[in-house]
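These protein sequences, in sequence, are chains A and B. Under the numbering used here, the residues of the first sequence are numbered 1 to 110, in order. Under the numbering used here, the residues of the second sequence are numbered 1 to 112, in order.
Bear in mind the hints are in silico, worked out from the structure with no lab data behind them. Where a beta carbon is used, it is the ideal one built from N, C-alpha and C, also for glycine. Treat the hints with caution; some may be incorrect.
Residues of chain B placed beyond 12 Å of chain A at every Cβ, according to the derived structure [what the hints assert, rightly or not]:
| no. | residue |
| --- | --- |
| 1 | Asp-11 |
| 2 | Ser-12 |
| 3 | Glu-17 |
| 4 | Gln-49 |
| 5 | Glu-58 |
| 6 | Pro-65 |
| 7 | Arg-77 |
| 8 | Val-85 |
| 9 | Thr-101 |
| 10 | Gln-111 |
Label-pair distances were calculated between CB atoms; the ranges are [as the list claims (entries may be wrong)]:
| no. | chain 1 | residue 1 | chain 2 | residue 2 | range |
| --- | --- | --- | --- | --- | --- |
| 11 | B | Gly-15 | A | Ser-27 | 38 to 44 Å |
| 12 | B | Pro-112 | A | Asn-77 | 27 to 33 Å |
| 13 | A | Gln-67 | B | Asp-67 | 20 to 26 Å |
| 14 | A | Ala-56 | B | Lys-3 | 18 to 24 Å |
In silico contact screen, one side only, chain A against chain B (beta carbon under 7 Å); selected entries [as the list claims (entries may be wrong)]:
| no. | residue |
| --- | --- |
| 15 | Leu-39 |
| 16 | Gly-52 |
| 17 | Gly-84 |
| 18 | Glu-98 |
| 19 | Phe-101 |
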Amino acid sequence: DSGVTQTPKHLITATGQRVTLRCSPRSGDLSVYWYQQSLDQGLQFLIQYYNGEERAKGNILERFSAQQFPDLHSELNLSSLELGDSALYFCASVRDYEQYFGPGTRLTVT
Amino acid sequence: LAKTTQPISMDSYEGQEVNITCSHNNIATNDYITWYQQFPSQGPRFIIQGYKTKVTNEVASLFIPADRKSSTLSLPRVSLSDTAVYYCLVGEVSTGRRALTFGSGTRLQVQP
Chain A
1 DSGVTQTPKH LITATGQRVT LRCSPRSGDL SVYWYQQSLD QGLQFLIQYY NGEERAKGNI
61 LERFSAQQFP DLHSELNLSS LELGDSALYF CASVRDYEQY FGPGTRLTVT
Chain B
1 LAKTTQPISM DSYEGQEVNI TCSHNNIATN DYITWYQQFP SQGPRFIIQG YKTKVTNEVA
61 SLFIPADRKS STLSLPRVSL SDTAVYYCLV GEVSTGRRAL TFGSGTRLQV QP
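Produce the complete structure using the sequences and hints provided.
Encoded structure:
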């Protein structure tokens with residue numbers, strides 16, 4: 001158990017819809033990273049937050065947005081969903097020199 | 001971040017030592033080499049990190065030659081539970097405070 005929690009574990013929705021994925025970092029960790037992993041692909045970095053502020057952006061689509069709240073949990077919002085958005089979405093937090101990944105949310109867009 | 005090249009897949013048997021080599025010809029002076037393990041439908045898990053020579057922990061060893069243009073992850077006496085994808089990453093990740101760039105990884109299949 002990495003100490004990073006993500007909800008929901010699974011999400012099935014239709015094209016055009018909007019969903020929100022939630023991540024709680026390890027206690028005391030200020031950073032949250034979001035990654036997307038499509039089937040049999042490597043992880044793609046989406047966005048990073050540190051103590052409520054956006055720190056870095058990766059390959060995040062304009063239809064996607066995120067935020068980190070004062071209690072340090074983060075939400076990733078995906079809108080106008082397309083079939084190609086079906087993937088595992090991971091968040092990670094940092095302790096020392098390691099990134100600790102959550103169990104992921106599996107999004108299926110039908 | 002330096003580009004890495006590693007085999008797409010490897011097969012082994014229980015009890016054998018497995019060595020996965022990663023090439024990173026463009027590694028920079030400040031770059032560290034980090035390996036992650038990922039099981040299906042789970043988040044990656046940190047295995048080991050090193051800068052030069054040899055690093056060993058309770059699960060693996062990491063061998064880095066003097067020119068640092070490659071590295072080898074060594075898993076001693078693998079078991080079925082070591083079947084996973086192994087990612088080699090190179091970059092200034094010593095503090096863990098940068099996003100990680102994952103390649104395709106090496107899919108290790110351990111047979112009984």
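Outcome of the hint check:
Interface exclusion of Asp-11 of chain B from chain A stands, the closest Cβ pair being 18 Å apart, more than 12 Å. Every CB of chain A is more than 12 Å from the CB of Ser-12 of chain B (nearest about 21 Å), matching its label as outside the interface. Every CB of chain A lies more than 12 Å from the CB of Glu-17 of chain B, the least distance being 25 Å, so the non-interface label holds. Against the 12 Å criterion, Gln-49 of chain B falls within the reach of chain A, whose nearest CB is about 6 Å from its own CB.
The beta carbon of Glu-58 of chain B is kept farther than 12 Å from every beta carbon of chain A, the shortest such distance being approximately 15 Å. Here Pro-65 of chain B stays apart from chain A, with its beta-carbon at least about 22 Å from theirs, past the 12 Å limit. Against the 12 Å criterion, Arg-77 of chain B stays outside the reach of chain A, whose nearest CB is about 24 Å from its own CB. Here Val-85 of chain B does not stay apart from chain A, with its beta-carbon only about 9 Å from theirs, under the 12 Å limit.
Non-interface call for Thr-101 of chain B relative to chain A: violated, since the shortest CB-CB distance, roughly 7 Å, does not exceed 12 Å. No Cβ of chain A comes within 12 Å of the Cβ of Gln-111 of chain B; the nearest lies about 21 Å off, and the non-interface call holds. Between Gly-15 of chain B and Ser-27 of chain A the Cβ separation comes to about 39 Å, which falls inside the hinted range of 38 to 44 Å. For the pair Pro-112 of chain B and Asn-77 of chain A, the supplied restraint of 27 to 33 Å is violated, since their beta-carbon distance comes to about 45 Å.
Gln-67 of chain A and Asp-67 of chain B have their C-beta atoms about 44 Å apart, which leaves the hinted 20 to 26 Å range violated. Restraint check, Ala-56 of chain A to Lys-3 of chain B: a C-beta distance of roughly 19 Å satisfies the suggested window 18 to 24 Å. The restraint placing Leu-39 of chain A at the interface with chain B is violated, with a minimum CB-CB distance near 11 Å, outside the 7 Å limit. Taking 7 Å as the C-beta contact cut-off toward chain B, the hint placing Gly-52 of chain A at the interface is violated, the least distance being around 16 Å.
Using the Cβ-Cβ criterion of 7 Å, the hint placing Gly-84 of chain A at the interface with chain B is not satisfied: the shortest such distance is roughly 18 Å. Against a cut-off of 7 Å between C-beta atoms, the interface hint on Glu-98 of chain A holds, since the closest Cβ of chain B lies about 4 Å away. Hint status for Phe-101 of chain A: holds, given a least beta-carbon distance of 3 Å to chain B, under 7 Å.
Checked against the numbered hints listed earlier, the structure breaks hints 4, 8, 9, 12, 13, 15, 16, 17; every other hint is satisfied.
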